[in-house]
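Peer 1: Residues per chain are reported as follows:
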Amino acid sequence: MRILLVEDDAEVARFVKKGLQEAGHVVEHAASGRDGLFLAASEQFDLLVLDRMLPGGVDGVRLVETLRGQGNRTPVLFLSALSAVDERVRGLKAGGDDYLVKPFAFAELLARVEALGRRPATDAPTTKLRVADLELDLLSRTVTRAGKRIEVQPREFRLLEHLMRHAGQVVTRTMLLEKVWDYHFDPQTNVIDVHVSRLRQKLDKGFDKPLIHTVRNAGYMIRAD
Amino acid sequence: MDLPPPPANPAEPAAPAAAEVRPGEGGRGAAPARRMRAATAAAPSPAGGGGLALPPPPDGPFLRLLRSAGFRFALLFAALFAASTLAFALVLWWGTAVALDRQTDAVLRADALALAERWREAGAAGTAEAIDERLAVDVEAESIYLLRAPDGRRLAGNLDRWPPEMEDASTAWADLLIAHDGRSSEARLHTIDLSDGYRLLVGRDVSDKLRVRKLIAEGLLWAAGFALLFALFGAWLLGRALETRLRPAFETAAAIAGGDLAQRVRLTGLGDEFDRLGATMNAMLDQIDRLMAGVQGVSDAIAHDLRTPIARARAKLEDALRSTQGRATPEGQAVLRAAMEEGIADLDAVTRVFEALLRIAEAEAGARRAAFAPLDLVPLLADLAEFYGAAAEARGQRLETEFPASVRLTGDRDLVLQAVANLLDNAVKFGPPGGTVRLSARALDEPGPAGAPLAAEVTVTDAGPGLSPADRARAGERFFRADSSRGTPGSGLGLSLVLAVAHLHRGELVLEDAVPGGQPPGLRARLRLASG
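Quick mapping for you: the protein sequence lines, in order, are chains F and A. Sequence positions in the first sequence follow our numbering and run 1 to 225. Sequence positions in the second sequence follow our numbering and run 1001 to 1532.
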């Protein structure tokens, strides 16, 4: 992916740029909102990673608003030291697609970057999601593995749907918490792990190939092998 | 204006400083430290930083007087007073002097008309006769008449000659100094043209009236002068009184700004506006005192609860660094790597505490009332119960719920959820394996602690060891952890947030024994929230 990183802190920028490059992405870096806006408006990127507060008169929110005003739909991930819920809402309202509060683990950033960057280009409705022999029917709300029906709770269905929509990508616990439960707070316990392992038991029961994998220090991933 | 003497009360440490600096000297030689403190007290000009207990720089007695709000108010009243005096004088003047003039004019006009009538009826001789009659009965010799023939001859009257100023036929009225009856005096004169070129002059000697007028004018001037003098004196007195009454509040504020938070405004006991101002200031200072104490407590707690994990991380990293020194072996690498991972985990713990503190601060500041929206708690709580139910089951506990069809509340979804999540987390954490955690909700309609009617109650009950009454009172304090909970993970911020959320929703958090007298008693936490 071609990613534009707009971040004024040199150390954070270096860390993010290096990590994203190691993950196989091409990263352009701008240190001010003005430069970032210029780059974002003049070149084609798959994703923008923006600091919320930027020097140079154009902060992250202004930058996104300007881009969206020009019809630019490039996905935007905000990085911010402002953690207040209102700030997050403001960032998303301005046209941001995701919001990550500093300090963050790189794995969290990478997972979100990949989730955003590989979103389906069209919103054409998918009716079935498939990973290996696991199939999720969005219309009948049923889950089958190798043709065998697996009973799941509604919330488990949504959890599985989210994992399958990002098959092959790491999905972090925080992402699951936000996207599946719409909770924006620290649950303080490993509840997400409990939910995932329950789901995993249901899916893998009677099969020797596990589908949901735990990615150490990051989260979960559903994949065929 | 000089300063009033310092208060006699020796308990006012700021007072001597007030007496030291005199106007004009302006405390220009004040020590730098003192000037800085004055600057923090928002003294408008650094040049005059005249110590703490003084008003802004006294550049001179007159300027200082002008700066005094009391003096300005009084001056305003003096101006109003002067204006009303002036209005009074004008009315009086109009009613006396001007009325006298008008009266004279009316008499002259009537007299002239009567004589003109006579002229038409009886001709020149009759008119002359009438004038002579009038002059004969005028014992005070105030009347002036002159009937003139077209050739300038005097036909009747007591004037020797026609006043040259009134030769012009267009001048019908005039005030002239005129000689008649052997004396010269101010007179009001009126002329009319009779037929055939005859002219008649009618006048009145007004010297008496002028004397009266002068007396009135003098009287009014004296009165206005005295009024102005009294007004200025009153202004000065009022300004001085205001300054004297404001001085305690001022000195207290200055002392507080200087760092002495123990100072309070001295009240006179009169119960007037100044006393109320002082009492309000004192109440504010008490509140600030409490907040400061709270902040102090929190900073101590932060120092402990943030420093501990930081210190732990640092120790681990340093230890790993030292123990792997000079050992570029795979084991050394592994040790370093493990230490770094642990260090990062410790930093994450610090971040979590930090995040929790910020969330509490947000709720406490009340800034989030903007995020209030109408909610139905039941589906939200059912979701949350399902979410934490998994955690409870993982610990061999059961989570039971009891909800009505709906519980309506206008509030902050995220904060309410987080508060209940914290309660559930505590319940699961402290409940024994095999125990039951109960989550229930109900609609309320009763007066709340903050005046707003309570709309909803969410209850979380566990079968854990409960809290002693002493611990219960402290449970909402930041970083407070009951001794019995030392072994369990947690930051000691969970209930602080619940409490802050309760306050944000103008409600309360009630902690009580789930089974009074039971062993263990368990804990029932009731989060009672007002709507909107």
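I should point out that these hints are in silico values taken from the structure, not numbers from a laboratory. All C-beta atoms in this analysis are idealised placements derived from N, C-alpha and C, irrespective of residue type, glycine included. A few of these clues could be false.
What the hints assert, rightly or not - Simulated crosslink set (DMTMM-like; lysine to aspartate or glutamate; CA at most 20 Å straight-line):
| id | chain 1 | residue 1 | chain 2 | residue 2 |
| --- | --- | --- | --- | --- |
| 1 | F | LYS102 | A | GLU1393 |
| 2 | F | LYS202 | A | ASP1445 |
| 3 | F | LYS202 | A | GLU1386 |
| 4 | F | LYS102 | A | ASP1346 |
| 5 | F | LYS93 | A | ASP1348 |
| 6 | F | LYS179 | A | GLU1386 |
| 7 | F | LYS93 | F | ASP133 |
| 8 | F | LYS209 | F | GLU135 |
| 9 | A | LYS1429 | F | ASP186 |
| 10 | F | LYS102 | A | GLU1341 |
| 11 | F | LYS102 | A | GLU1355 |
| 12 | F | LYS179 | A | ASP1383 |
| 13 | F | LYS179 | A | ASP1414 |
| 14 | F | LYS205 | F | GLU178 |
| 15 | A | LYS1429 | F | GLU161 |
Unchecked claim - Covered by chain F, per the in silico footprint, the following chain A stretches (three or more residues, Cβ under 8 Å):
| id | region |
| --- | --- |
| 16 | 1073-1084 |
| 17 | 1346-1355 |
| 18 | 1420-1430 |
Peer 1: Determine for every hint whether it applies to the structure shown.
Peer 2: Here is what the structure says about each hint:
As the CA atoms of F:LYS102 and A:GLU1393 are separated by approximately 33 Å, the hinted pair breaks the 20 Å bound. Among the hinted pairs, F:LYS202 with A:ASP1445 is inconsistent with the structure: their alpha-carbon atoms are about 44 Å apart, more than 20 Å. A hinted pair counts as satisfied when its Cα atoms are at most 20 Å apart, and F:LYS202 with A:GLU1386 qualifies at roughly 17 Å. With a C-alpha separation of about 16 Å, the suggested pair F:LYS102 and A:ASP1346 falls inside the 20 Å cut-off, and the hint holds.
Straight-line distance between C-alpha atoms of F:LYS93 and A:ASP1348 comes to about 28 Å, which puts the hinted pair past the 20 Å bound. Restraint check for F:LYS179 and A:GLU1386: the C-alpha separation of about 16 Å stays at or below 20 Å, so the hint holds. Our distance criterion of 20 Å between C-alpha atoms is broken by F:LYS93 and F:ASP133, whose separation comes to about 39 Å. Between F:LYS209 and F:GLU135 the alpha-carbon distance is near 15 Å, which keeps this suggested pair within the 20 Å criterion.
Among the hinted pairs, A:LYS1429 with F:ASP186 is consistent with the structure: their alpha-carbon atoms are about 15 Å apart, no more than 20 Å. Proposed proximity of F:LYS102 and A:GLU1341 is supported: the alpha carbons are some 18 Å apart, at most 20 Å. Proposed proximity of F:LYS102 and A:GLU1355 is supported: the alpha carbons are some 10 Å apart, at most 20 Å. Between the alpha carbons of F:LYS179 and A:ASP1383 the distance comes to roughly 14 Å, so the proposed pair stays at or under 20 Å and holds.
For the proposed pair F:LYS179 and A:ASP1414, the alpha carbon gap of about 14 Å is at most 20 Å, so the pair holds. Our distance criterion of 20 Å between C-alpha atoms is broken by F:LYS205 and F:GLU178, whose separation comes to about 28 Å. For the proposed pair A:LYS1429 and F:GLU161, the alpha carbon gap of about 30 Å is over 20 Å, so the pair is violated. Here the region 1073-1084 of chain A counts 0 residues with a CB under 8 Å from a CB of chain F, which misses the bar of 3, and the coverage is violated.
Note: the region 1346-1355 of chain A has 5 residues with beta-carbon separation from chain F under 8 Å; the three-residue rule is met and the coverage holds. Counting residues of the region 1420-1430 of chain A whose CB lies closer than 8 Å to any CB of chain F gives 5, so the stated coverage by that chain holds, three being the minimum.
The structure is inconsistent with the numbered hints 1, 2, 5, 7, 14, 15, 16, although it conforms to all the rest.
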